[in-house]
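Chains A and B, in that order, are what the protein sequence lines are. For the first sequence, counting from 1, position 39 maps to 39 in our numbering; every step adds exactly one. For the second sequence, counting from 1, position 40 maps to 1040 in our numbering; every step adds exactly one.
Hints may contain errors.
[Said to hold, decoys possible] Beta-carbon label-pair distances, calculated as ranges:
#: 1; chain 1: B; residue 1: THR1216; chain 2: A; residue 2: ALA324; range: 51 to 59 Å
#: 2; chain 1: B; residue 1: GLU1305; chain 2: A; residue 2: PRO267; range: 12 to 20 Å
#: 3; chain 1: A; residue 1: ARG256; chain 2: B; residue 2: GLU1331; range: 22 to 30 Å
#: 4; chain 1: B; residue 1: ALA1302; chain 2: A; residue 2: ARG192; range: 51 to 59 Å
[Unchecked claim] Computed from the model, here is a short list of chain A residues facing chain B with C-beta under 7 Å:
#: 5; residue: GLY17
#: 6; residue: ASP55
#: 7; residue: LEU107
#: 8; residue: ASP108
#: 9; residue: MET233
#: 10; residue: ALA237
#: 11; residue: GLU238
#: 12; residue: LEU239
#: 13; residue: ASP260
#: 14; residue: LEU261
#: 15; residue: ALA264
#: 16; residue: PRO269
#: 17; residue: THR278
#: 18; residue: HIS283
By construction, these hints were calculated from the structure, which means they are not laboratory data. A virtual CB, placed ideally from N, CA and C, is assigned to each residue, including glycine.
Below, each chain spelled out in residue letters.
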Amino acid sequence: MSSDWPRVRLHVVTGKGGTGKSTVAASLALALASHGKNVLLCEVEGRQGIARMFDVDPLPYEERRISAGLRDSRGAGSVHALHIDPEAALLEYLAMYYRLGRAGRALDRFGVIDFATTIAPGVRDVLLTGKVYEAVERNSRNKGATQYDAVVLDAPPTGRITQFLNVSDELAGLAKVGPIRSQADTMMTLFRSPRTAVHLVTVLEEMPVQETADGIAELSRVGLPVGGVVVNMRRPAELPDADLERAGRGGLDAERVRADLAAALDPVPAPLPGALLTEAAEHAERHRLEVAQREVVDGLGVPVYELPRLPGGVDRGGLGELGALMREQGLA
Amino acid sequence: MSAGALDVDALIDDPGTGIIVCCGSGGVGKTTTSAALALRAAERGRKVVVLTIDPARRLAQSMGIEELDNTPRPVPGTSGDGSLDAMMLDMKSTFDEVVLSQASPEKAQQILENPFYVALSTSFAGTQEYMAMEKLGLIHAAAQRDHSYDLIVVDTPPSRSALDFLDAPERLSSFLDGRFTRLMLAPARGPARLVTAGLGLVTGALTKILGAQVLTDLQTFVAALETVFGGGFRDRAAKTYALLQDTGTAFVVIAAPEPDALREAAYFVERLEEDAMPLAGLVVNRASVAPEGGLSVDQSAAAAEQLADRPEHALGAALLRLHAHTLRAVERERLLVSRFTAAHPQVATAVVPALAGDVHDLGGLRRIGALLGT
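Only chain A is shown next, with the shape it has when bound in the complex (with noise of 0.2 Å):
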């Protein structure tokens, strides 16, 4: 199946806590990464996720490349990754846009640097946000480095991505005018484009549907395009409707079950029919509430993708197995 989102070169991947959007990012960036193309996959927290779901040694703020892509009928391309750093970023847009020499080294020594990557605030943002537009929007300014078919960002959690993304407002009150400004004024323009999509990672739980339900709102309010769902981890249901609409009204015909139970075992052990009788109707409660909430997330109005949960966690296959369903279902 082709891409829904041929347009896009920035993929900003968002959830709640807990939620697997780091994993789903990760995914994104191998599903892109076909014949000869090559794809950045940036992390903003400081966590080094990246290092550890690939299996490499911490990454430094330096493009890596950390794995092959998913290979499609002609072959795979190349994913990249990057750690941002807000005090390299700082330092590198200085170095990139002003010819500040000595005074460059006096910022450092005078602790501005400091101040500006821990202390002032939105600075942080900015610089994070900052990073990855260079990496999509790559100029001459930035001589060597390799050109991005698409960039896949792990970003903040969906609470405060609106606020991460919308850099001009965050700076809004401390650049009114200035070089600042127009920058941060451009990096509007590429988050708020058709080239860029913010994904939102849920799982089938009230809370993160509801969060997600927020995050959409809260996104279109300010004119930062709204990519797709993805429902992670959801959990196969494992009986046929009927079963399972018999199995949570407590109506599975016990004596079935044990004559089904006595043609594979001998004996049948005395507690198991009741406490699959009893599983089966947790299992139907639970698959109950999912429906409810996939049917919320239905009413979005975004495409929506679905990703299993992989039994035993998710290692390096298993990204590439997430991969190669969301190239099936369009999400790459």
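Given the structure of chain A, go ahead and fit chain B onto it with the hints provided.
Using the frame of chain A, we list chain B on its own:
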């Protein structure tokens, strides 16, 4: 030697426990656990207030704390001799309260309107969490005076920065003592000739990058920071820190039985120990449970396999498959938790089974509380 099971009821029943701080990464049910602990303690006779951060809307509604006004309010519908108040923490107004208490009204107004302050009070990592601790200090002091509460339960923000409050005072102090502050305050304080060549360079560079107006705002802001955090701040910070280290405080680290959440929990545990903070134990939420059926994972999977190509037994096969999945999940989670315990044998642990649905009323909190207590 392992510390074994975390006895939650003993913890909340102990009149010596005055503060419980719940911390952990996002999505592990921290807010729910805080609220459930508080409710259980109240219904077992304690006078409790729970300070929570960003609870789910329906839970907030059922606890009667939809308003963000930084005042504890009674939670309707609790039973027993104790009492339960709840408050949703508002970082911004806590910050503002500190400013108002530290600066003259005129000066305070100027600070509250400064664009750097406005952004700082809502976004500087660690400061907000620190403000939550400061609020905790205030409520604790008031409770000591008027005996309004004998137990305060605190929920913390969902990130690693939840522990930034341990560093925030230090960072602010070293910043205020640092060269940058002196640089920013220099023109306001001394005659121009004190501005050295180095300072001139820096100011020039900043003007070039930021523009002159921003530089002026920045100077006002740094002066403001000094007003607010310069004087009594270090004393207050030291007091709050001591309060957290006190034996009357208990930190509870919350996790889910997943590798990421447990890795974060390990980080929290180590960090708390480094700072000599009293750690009560680890709560592992949302654990899978399998009813005892007398079969192992392998037996269950093998039996399902045997029935696989016999459509007349499809239901039995599906139930056995489901059972094998659940048993496997239970086994995997036990392994994860036991690895954590092996690495941190001093940490007592309580495992709370997952409920099928979300918790959004006192009934649900009571169930979680009962699971915590047993």
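Now for the hints, and whether the structure bears them out:
1. B:THR1216 with A:ALA324: 51 to 59 Å: With Cβ atoms ~56 Å apart, the hint holds.
2. B:GLU1305 with A:PRO267: 12 to 20 Å: About 19 Å separates the Cβ atoms of GLU1305 (chain B) and PRO267 (chain A), which means 12 to 20 Å holds.
3. A:ARG256 with B:GLU1331: 22 to 30 Å: Once the Cβ atoms are compared, 29 Å apart, the range 22 to 30 Å for GLU1331 (chain B) and ARG256 (chain A) holds.
4. B:ALA1302 with A:ARG192: 51 to 59 Å: Holds, at about 57 Å.
5. GLY17: Since chain B brings a Cβ to about 2 Å from GLY17 (chain A), closer than 7 Å, the hint holds.
6. ASP55: violated, 13 Å
7. LEU107: Given a least distance of 6 Å, the restraint on LEU107 (chain A) holds.
8. ASP108: violated, 10 Å
9. MET233: violated, 10 Å
10. ALA237: This interface hint is violated because 9 Å lies over the 7 Å limit.
11. GLU238: holds, 4 Å
12. LEU239: Holds - the Cβ of LEU239 (chain A) comes within 7 Å of chain B, reaching about 5 Å at its closest.
13. ASP260: The hint holds - ASP260 (chain A) has a Cβ within 7 Å of chain B, the shortest such distance being about 2 Å.
14. LEU261: LEU261 (chain A) check passes; min Cβ-Cβ to chain B is 5 Å, inside 7 Å.
15. ALA264: Because about 4 Å separates ALA264 (chain A) from the closest Cβ in chain B, which is inside the 7 Å limit, the hint holds.
16. PRO269: At about 3 Å, which falls below the 7 Å cut-off, the nearest Cβ of chain B leaves the hint on PRO269 (chain A) intact, so it holds.
17. THR278: holds, 5 Å
18. HIS283: holds, 6 Å
Figure legend: structure checked against the earlier numbered hints; hints not met, in rising order: 6, 8, 9, 10.
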